[in-house]
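Produce the entire structure from the sequences given, and follow the hints as far as they go.
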Amino acid sequence: MVIELKNKTEFEPKIVMFACNWCSYSGIDLAGTSRMTYPPNVTIIRTMCSGRVEPSFIMKSFANGMDGVIVSSCHQGDCHYIDGNMKSLRRVKLMQHLLDGFGIERERVNFVGISASEGVLAVDTIVEMVETIRKLGPLELEAGR
Amino acid sequence: MTEEIRIGVYTCHCGVNISSVIDIDEVVNYAKALDNVVLSRDNIFTCSAPGQNSIIEDIKEHGLNRVVVAACSPHMHERTFRNAAEQAGLNRYLVEIANIREQSAWVHPQNPIEATDKAKTLVRMAVAKARLLEAIEITKTDVKQKLLVIGGGVAGLKATQDAAQRGLDVTLVERSPTLGGHAARIGKLVHTNISGSATVNEFVDQISVMDNVTILTNAKVTEVKGSFGDYSVSINIKPRYVKGSIPNPEKGLEACPVLVDNEYEYGIDKRKAFFKPFTMAYPSSYVIDMNACTHNIDGCDKCVTACGESHIDLKMPDSSSSEQFGTIIVTTGFDPYEPKVGEYGYKENEKVITLMQLERYLSDDEIDFKRIGVEDPQNIVFISCVGSMNDENPECSRMCCSSSFKNMIRIRHVFPNANIFFLYQDIRTYARREELLYETASAKQVMMLRWDKESPPKVDVNGDMNVKIYDSLISEELLIPSDLIVLSNGMLPREGYKETAELLKLPCSSEGWIQEAHAKLRPVELPSPGVYVGGTAQAPRDIMESITTASAATAKALIPILQGQVEQEAQLCYVNEDVCGACGVCITTCPYEAITKIDLPDDRQVANVNAKLCHGCGQCAGACPTGAMQQKNYRDDQIYAMINALIVGGD
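So the sequences go chain by chain: P and A. The letter at position 80 of the first sequence is residue 80 when you use this note's numbering, and the numbering goes up by one with no holes. Take any residue in the second sequence, note its place counting from 1, add 145, and you have its number in this note's numbering.
No lab work stands behind these hints, which were simulated from the structure alone. Treat each hint with caution, since some may be false.
Claimed, not checked - Derived DSS-like pairs (lysine-lysine); straight-line CA-CA distance at most 30 Å:
1. A:K365 - A:K598
2. A:K650 - P:K93
3. A:K370 - A:K643
4. A:K370 - A:K421
5. A:K496 - A:K643
6. A:K613 - A:K598
7. A:K643 - P:K60
8. A:K742 - A:K650
9. A:K643 - P:K93
Now the structure itself:
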């Protein structure tokens, strides 16, 4: 077995991905069952609908040391709960404006639609996000923020 | 007094699926050291009977009141482990899954150290949430022993027949004045060579005499309330204005001055406002189309004068009914694509017709092209994929290739010397026995020319009606002077699909097809529990496929009815009334109209969730600005605990 030894001083992004139960969580599962690989930097939290993800989840994630957040949903038009993903998308877009004000790069929050059959898209999303955050570097919040 | 939290953690080897990458011992020992974890073990297969038994025994023996299983995806075995907990007397919602197989072992096989770290993180997060889990009450509803079928085309007829044969009470609601849908208007069906209306009548003859079947035509579902197992449905029935079978309908026909396009003939001829859809229509009585009738504008009552007041009443009111149903099947069907004016010369020259219109010209044993001036055609051109497989509608309509071939073969018998051309983008005679149609058409000298999506054929409607096609297989441009052009038009979602979708809270694809709950595993079930779909409301299909899916939907729809009781969604949303400011954001967010404002005894207003309407998505909780709205099993504090546990020591 090949064991990759990482240079410990290199920055490893910490990312949390909120996934809706129906499409995106299944898509991420499919990446696993298809034995695709992605970097271990991303950890998944399941909600029933992406519409459940509230701004405080994103802010708490940053406050708690995450360098990036992905909110993933069904594709627009395919929401299991009619249009929860549209509401979630709008919320994330608004969040990005707010993040500007906090001095947090908006690229640190990503919204993506992944269907249950799109293991490849799940992997691509994770790989790209890890690279994006790696380039941005660690999120450094000033104390008291 | 709060009970002591006693968590048991079960880390699964999954044979070698997990243990070949992740250091199971390390995860087991790590879990053991977490707060509130009183027991941590591993199993080779936790889902196996011994694995489940170890959970059941531990709950009893060690007084576990929370269970964390670190194994495969919750989509795989969450249900299994919840059942095991229930067998030991523990509420099923006191079980939490850490998905260390799909989300760690399988995706990080090259990094066992990091995979093990991630497994520890997932276990830490699951334990953090487990500490905050609460038992959730599971409520059951008695299922009303009655089925509603919406849409009386072949799919709806089949669903009605199947359920009625099982002895169930069925109500079939059809929007138009007659049953049978588009299938009833097809000239001769492929393979059987029997007319569409005769085929449809096989169903109608049977169900129309059954005591347990109620057929409502000219009727529309206007409201659906209630929940799984107990849907209250309001139905509006438009009057026919004609009382039963009248002795002298020909007088009424003659008297009616209004002429409109006959939709039952796809517009190839006209009908009166006083009409009977077609000879074998059911119900067989005449009907007045009030949208066309001028009675309400100029007071015309010529049909009443002709047929007598005892037979026609133009002031007949709408009637309505309200009933309870256990389950609902949606078979609302499709609309044929109506080509735009000028698309391949459609409507600019009457010799350009659609495939559905061709079915009507071929409906009798005599082919009747004479009325559009086609007497001895030399060249007949079919153009495929009209309104399908393009940017606007990427779907293949599935039935048009076979249907075109069927009709070409039929035309060949009548006009043995005519040249028949099939200009195709792609030939998809995919179903059983349909390849034979293609071969037969080939053998009967149908000439097939292929065009590319980028350069479809062009029709010049003037003069010789030249069709210009660039055949991409021989890289040549050909010019075909034609006597008749048939546009093989595809299927589109029914106009008004949004209305149906909104009534029943159903998701639709971006094109408008009703979307199933799971593309592979639940193909005829819809996300709204107790609602099922069959036929072309879901996707383009031929008659056999429509009937197959209708039967499948009926089989599924009968399950809750035969069970007698069903469980309601338990992970519902609820309001913390102390914090709610009655801003109403949740009310506008809820897609199911489950939330209303109520008055408290202290005159305060708060939001209130109707548990029967809530689907448990949590959109309201996501939108609530104060945190008053929460979702069971996905509460803010539970998710915060998981977020905190993302980092070591955060829990």
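Outcome of the hint check:
For a cut-off of 30 Å, the pair hint linking K365 (chain A) to K598 (chain A) is broken: about 40 Å separates their Cα positions. At most 30 Å may separate the alpha-carbon atoms for a hinted pair to count; K650 (chain A) and K93 (chain P) meet this at roughly 26 Å. Pair hint K370 (chain A) plus K643 (chain A) holds up; C-alpha atoms about 17 Å apart against a cutoff of 30 Å. The straight-line distance between the Cα atoms of K370 (chain A) and K421 (chain A) is roughly 34 Å, outside the 30 Å bound, and the hint therefore fails.
With a CA separation close to 34 Å, the supplied pair K496 (chain A) and K643 (chain A) exceeds the 30 Å bound. Pair hint K613 (chain A) plus K598 (chain A) holds up; C-alpha atoms about 14 Å apart against a cutoff of 30 Å. Restraint check for K643 (chain A) and K60 (chain P): not satisfied, since their Cα atoms lie roughly 38 Å apart, outside the 30 Å limit. Taking the CA atoms of K742 (chain A) and K650 (chain A), the gap is about 21 Å. The hint holds against a cut of 30 Å.
A hinted pair counts as satisfied when its Cα atoms are at most 30 Å apart, and K643 (chain A) with K93 (chain P) qualifies at roughly 27 Å.
Hint compliance for this structure: hints 1, 4, 5 and 7 are broken, all remaining hints hold.
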